[in-house]
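Produce the complete structure using the sequences and hints provided.
Heads up: the sequence shown is residues 1 to 331, going by our numbering.
None of these hints come from the bench; they were simulated from the model. Treat the hints with care, since some could be wrong.
As the list claims (entries may be wrong) - Mimicking DSS-like on lysine-lysine, the simulated pairs with C-alpha atoms at most 30 Å apart in a straight line are:
# : residue 1 : residue 2
1 : Lys55     : Lys283
2 : Lys173    : Lys283
3 : Lys35     : Lys65
4 : Lys65     : Lys55
As the list claims (entries may be wrong) - Okay, the calculated beta carbon distance ranges per label pair:
#  : residue 1 : residue 2 : range
5  : Gln103    : Glu321    : 22 to 30 Å
6  : Glu294    : Asp141    : 46 to 54 Å
7  : Ile295    : Pro256    : 43 to 51 Å
8  : Lys257    : Ser102    : 43 to 51 Å
9  : Pro180    : Thr300    : 17 to 25 Å
10 : Lys257    : Met234    : 26 to 34 Å
11 : Glu164    : Thr260    : 46 to 54 Å
Remember, predicted model here, so these are calculated numbers, not experimental data. Where is the CB? At the ideal position from N, CA and C, for every residue including glycine.
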Amino acid sequence: MKSLRNITVLLISILAVSIVIVFFTTSNALSQDTKVIRFGHGQPETNERHIAVMKFKELVEERSKGTIKVEVYPNEQLGSEPVMIESVSFNDLQMVAASAFSQYDQRISVFELPYLFDSFEEAWSVLDGEIGKEIAEPFLDQNLRIIAYFENGFRHITTNKPIETPEDLEGVKIRTPEFPISVSTFSALGANPTPMAFGELYMGLQQGAVDAQENPVANSYASKFNEVQDYLIMSNHQYMPLPVAISEEFWQTLTPKEQTIIEESAQEAAQFHRDLLRENESKMIKELEEAGMEIIYPDTAPFKEKVDGVYDSFRNLYGDEIVDRILEAAE
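This is the structure in structure tokens:
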């Protein structure tokens with residue numbers, strides 16, 4: 001009987017060990033089969049950008065049936081936008097939604113030329129078409145594959161005096177990003193472009209270090225610039241896309257089906273982001289007006305005439321063809 005008990009114990013032990021081996025082997029196989037995308041961006045979790053990235057995560061994980069996982073890192077947790085883009089180029093990070101791609105190829109700045117687009121729909125048709133793909137192609141040399149365009153939207157001016165014509169901007173000290181096109185645009189309009197860190201802008205406006213600033217409505221609203229500025233000028237002077245890029249090195253590890261899932265999900269999330277921004281922007285403008293900010297819709301034609309020189313500079317650097325094709329496609 002003792003011998004029988006020993007045999008039984010031995011068999012149970014062997015069975016237990018076998019189960020453990022099978023469990024760990026299966027878990028390891030599943031782990032190896034699951035691909036993880038680390039996706040970074042620079043906005044807080046309340047921002048539309050984060051909501052759109054989470055939409056992308058939902059679509060990818062659902063369509064891949066869990067074989068692709070998306071980990072989202074908002075609010076510059078993994079570094080500034082330039083740092084995150086560089087991390088994607090090294091495949092330390094797999095995806096990013098950011099503005100600062102011109103550090104790798106200035107031609108993407110063509111989309112930021114002043115008054116290039118008259119409407120969101122014009123911008124989207126160009127970005128989502130052949131021109132958007134052509135502008136994205138050189139980034140492959142930097143291991144960056146742009147697969148969709150979220151958006152920052154149109155930029156508008158806030159000031160403490162009404163702006164109806166370009167002459168009203170003469171000498172106005174306006175904070176702009178240190179992008180060459182932004183600086184050139186406001187110089188052409190007669191203003192005095194002044195660099196200042198965005199985090200210092202509220203105090204700069206409050207203390208009079210600058211007279212005005214320009215940003216998408218969502219940024220001005222979130223930063224409560226209406227507390228230190230009286231007017232929102234719906235100038236529509238510049239449209240700024242927000243490229244979404246994936247590491248080309250990581251992309252090549254994906255099957256064609258997985259690539260399709262990721263690209264289609266990114267493009268759907270991009271349109272979701274655009275629609276969400278439009279809906280929320282209308283609400284924000286209404287709230288700003290109710291809070292006492294005066295909203296001005298100037299005739300943009302005189303402003304457009306003043307910025308021809310900005311186009312000439314871009315044409316001199318990169319040729320006429322790309323600018324002319326965009327203008328033709330946007331008509």
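So which hints don't hold here, by number, going up? 8, 10
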